[in-house]
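Trainee: full-length UniProt numbering puts the first residue of the sequence shown at 1, with every later residue one more than the last.
The set of hints was computed from the structure by calculation and includes no laboratory data. Glycine is no exception: its CB is placed at the ideal position from the N, C-alpha and C atoms. Worth double-checking, as some hints may not be accurate.
Below 30 Å or equal to it, Euclidean Cα-Cα: the simulated BS3-like pairs (lysine-lysine) are [unchecked claim]: (1) K452 x K511; (2) K475 x K511; (3) K442 x K507.
Between beta-carbon pairs, the in silico distance windows are [said to hold, decoys possible]: (4) V273 x L337: 55 to 65 Å; (5) A500 x G553: 17 to 27 Å; (6) A208 x N434: 26 to 36 Å; (7) I229 x V273: 53 to 63 Å; (8) K30 x N387: 10 to 20 Å; (9) K30 x F124: 15 to 25 Å; (10) S31 x T336: 36 to 46 Å; (11) S404 x K441: 47 to 57 Å; (12) V394 x R478: 22 to 32 Å; (13) I255 x E471: 34 to 44 Å.
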Amino acid sequence: MSYQEILFPFLGGLGIFLFGMKYMGDGLQKSAGDSLREILNTFTSTPLRSVLAGLIVTAIIQSSSGTTVLTVGLVSVGFMTLRQAIGVIMGANVGTTVTAFIIGFNLSSYSLPIIGVGSILLFFSRRERVNNIGQILFGFGCLFYGLKLMGEGMAPLSQLPQFADLMVDVSHHPVLGVGIGTLLTMVLQSSSATIGILQQLYSQGSMAIESVLPILFGDNIGTTITAVIAAFGVSVAAKRTAASHVVFNLVGAIIFTILLTPFTAVVVRISTVLNLKPAMQIAVAHGLFNVSNLLIQFWFIDKIELLVRKIIPGKDKSIDFKPSNLNESIIQNSATLALNQAKIELLQMGEYVLGAFEATKAYYENQNSIDMENASQYETAINDTDNRLTEYLVQLSATELTISESHEQTMMLELTKDLERIGDHCRNIIQNLNEAIQLEKKQQAKEKKAGKVSDRDTLILYDEDVVDLFEKVLKNIRDSLIVFEQDDKEMAEHMLSREAQIDQMVKMLRKKYISIMNSGKGRAADGVLFIDTASNLERMSDRTIHIAKYVLGERYGTEEISVDQSVNPLITFQSQK
Numbered sequence: 001m002s003y004q005e006i007l008f009p010f011l012g013g014l015g016i017f018l019f020g021m022k023y024m025g026d027g028l029q030k031s032a033g034d035s036l037r038e039i040l041n042t043f044t045s046t047p048l049r050s051v052l053a054g055l056i057v058t059a060i061i062q063s064s065s066g067t068t069v070l071t072v073g074l075v076s077v078g079f080m081t082l083r084q085a086i087g088v089i090m091g092a093n094v095g096t097t098v099t100a101f102i103i104g105f106n107l108s109s110y111s112l113p114i115i116g117v118g119s120i121l122l123f124f125s126r127r128e129r130v131n132n133i134g135q136i137l138f139g140f141g142c143l144f145y146g147l148k149l150m151g152e153g154m155a156p157l158s159q160l161p162q163f164a165d166l167m168v169d170v171s172h173h174p175v176l177g178v179g180i181g182t183l184l185t186m187v188l189q190s191s192s193a194t195i196g197i198l199q200q201l202y203s204q205g206s207m208a209i210e211s212v213l214p215i216l217f218g219d220n221i222g223t224t225i226t227a228v229i230a231a232f233g234v235s236v237a238a239k240r241t242a243a244s245h246v247v248f249n250l251v252g253a254i255i256f257t258i259l260l261t262p263f264t265a266v267v268v269r270i271s272t273v274l275n276l277k278p279a280m281q282i283a284v285a286h287g288l289f290n291v292s293n294l295l296i297q298f299w300f301i302d303k304i305e306l307l308v309r310k311i312i313p314g315k316d317k318s319i320d321f322k323p324s325n326l327n328e329s330i331i332q333n334s335a336t337l338a339l340n341q342a343k344i345e346l347l348q349m350g351e352y353v354l355g356a357f358e359a360t361k362a363y364y365e366n367q368n369s370i371d372m373e374n375a376s377q378y379e380t381a382i383n384d385t386d387n388r389l390t391e392y393l394v395q396l397s398a399t400e401l402t403i404s405e406s407h408e409q410t411m412m413l414e415l416t417k418d419l420e421r422i423g424d425h426c427r428n429i430i431q432n433l434n435e436a437i438q439l440e441k442k443q444q445a446k447e448k449k450a451g452k453v454s455d456r457d458t459l460i461l462y463d464e465d466v467v468d469l470f471e472k473v474l475k476n477i478r479d480s481l482i483v484f485e486q487d488d489k490e491m492a493e494h495m496l497s498r499e500a501q502i503d504q505m506v507k508m509l510r511k512k513y514i515s516i517m518n519s520g521k522g523r524a525a526d527g528v529l530f531i532d533t534a535s536n537l538e539r540m541s542d543r544t545i546h547i548a549k550y551v552l553g554e555r556y557g558t559e560e561i562s563v564d565q566s567v568n569p570l571i572t573f574q575s576q577k
């Protein structure tokens, strides 16, 4: 048989297998929605719960790399500590063994009908849930069909003397097998694909168990490359998370390579007692290896944390976000306490908004990537708080509230959206500034190519009026939080006066831009700065004025409402003329 007859079915099968894995994982993730991130974000208070969270999420999405990347992201924005992340990674390594057990059942004979059923659900239904199930089935069928093609392609390998010699070398030199497993998984970017290949080769008799196990250990090292890539360009905490993944898997591979002989004996014994098929034997070996590694290293989470802090020194720049103040259990018992908790949470959200705005302002002044990263972290915190607080306030609206309590609940619900929109405008300004930087870089590159000397020594035009506008909007944001917290009507009136100044400044900046462009000194990037950035700042200020007007009672005429009246929670308030 020619190499072409081996290579073509193997590569095609591998491609279909990897596609099936990803497509099935995406379908599972869509079905689960935001609950996966919520599991990792919420259920990681202790090391054991962190491990269970990692195991559950990985078992759902069928990808330890996906769980690890998600964890790196949560650590990067400060929602998870390094110690919690190490527990999640340990659990993810156990969760990924589910794939090997699925493959061990060998459903290749049914792969095409499964693909057919999946395609029917995908293309002949408009319901999202049915489409997701169709995607899962289609991917599941592709996974087994790919395995079948890979198996057909690899079948002749047992007849090749070069392959036989390599397997003998691996059985005599386990470190060589660990290296092969590491490189193969790094290239394929999927530990499940490597395990699937090993299961096929072992089932065909092309490999002995002594050759399979070292490659299986190396597979765990190779899968860490995804987390390492995900950690590039992010916070020190995220880099440490990726490093802890490498340390955990590397130490496990070293321990079990040293204990290869007794471990092999245990696997053979279990396989004999349970009369397991070859593919299932590899699944059991994979599961036993990862569970044992977890049980050994679980007790050293704090030592792993200490080690990676020494490996990757530096100040952790992730922002320490405070835990939620919301307690859903008191909603039915005390609306007053629930509203108080919501107010504390809303003020905390306001602090995140302030942080995002200050980081955005600093990014305009210095174009420092750390400021942009901080703004992004605050934006994530704002969105997360918005989701939690909105859900909490909606639950509260279903209880019996007095008119004043109902007004306060409605007010906080709308104020939550005001603060969330200010966070969005901060993100817009960062994008505007980045766009201006790219435009200026292109302009300067053109001038350099034409032999001209640029009259700008910065990528963004620094303008004192823009800085002044930032400062005035910052004051309005700060004052709006004080106005809300202290019900300070006098300060609210000052905010309205300042808003008129802000509107005038925005008009002046627009005229200034036109004047600069007409003088021939303007650049393409200046329009992004003077028009888009100024507009976003104006809209932020409008949101703070919305808060001030609520406190002044301009919407519902709340100063005339009696607090002793009760109200059905479904009543909607009308403006009083």
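Trainee: Now look at each hint and say whether the structure bears it out.
Mentor: Status of the hints after comparison with the structure:
1. Between the alpha carbons of K452 and K511 the distance comes to roughly 29 Å, so the proposed pair stays at or under 30 Å and holds.
2. Simply put, K475 and K511 have alpha-carbon atoms about 24 Å apart, close enough for the 30 Å limit, and the pair holds.
3. Between the alpha carbons of K442 and K507 the distance comes to roughly 28 Å, so the proposed pair stays at or under 30 Å and holds.
4. For V273 and L337, the Cβ-Cβ distance of about 58 Å falls inside the hinted range of 55 to 65 Å, so the restraint holds.
5. Distance hint check for A500 and G553: the Cβ-Cβ separation is about 20 Å, which falls inside the suggested range of 17 to 27 Å.
6. A hinted range of 26 to 36 Å is violated for the C-beta pair A208 and N434, which are about 56 Å apart.
7. A C-beta distance of roughly 41 Å is found between I229 and V273, which places it outside the suggested range of 53 to 63 Å.
8. Distance hint check for K30 and N387: the Cβ-Cβ separation is about 18 Å, which falls inside the suggested range of 10 to 20 Å.
9. Checked against the hint of 15 to 25 Å, the pair K30 and F124 passes, with Cβ atoms roughly 18 Å apart.
10. For S31 paired with T336, a C-beta distance near 39 Å keeps the hint of 36 to 46 Å intact.
11. Between S404 and K441, the C-beta spacing of about 56 Å keeps the proposed range 47 to 57 Å intact.
12. For the pair V394 and R478, the supplied restraint of 22 to 32 Å holds, since their beta-carbon distance comes to about 28 Å.
13. In this structure the hint that I255 and E471 lie 34 to 44 Å apart at CB is violated, the actual value being about 58 Å.
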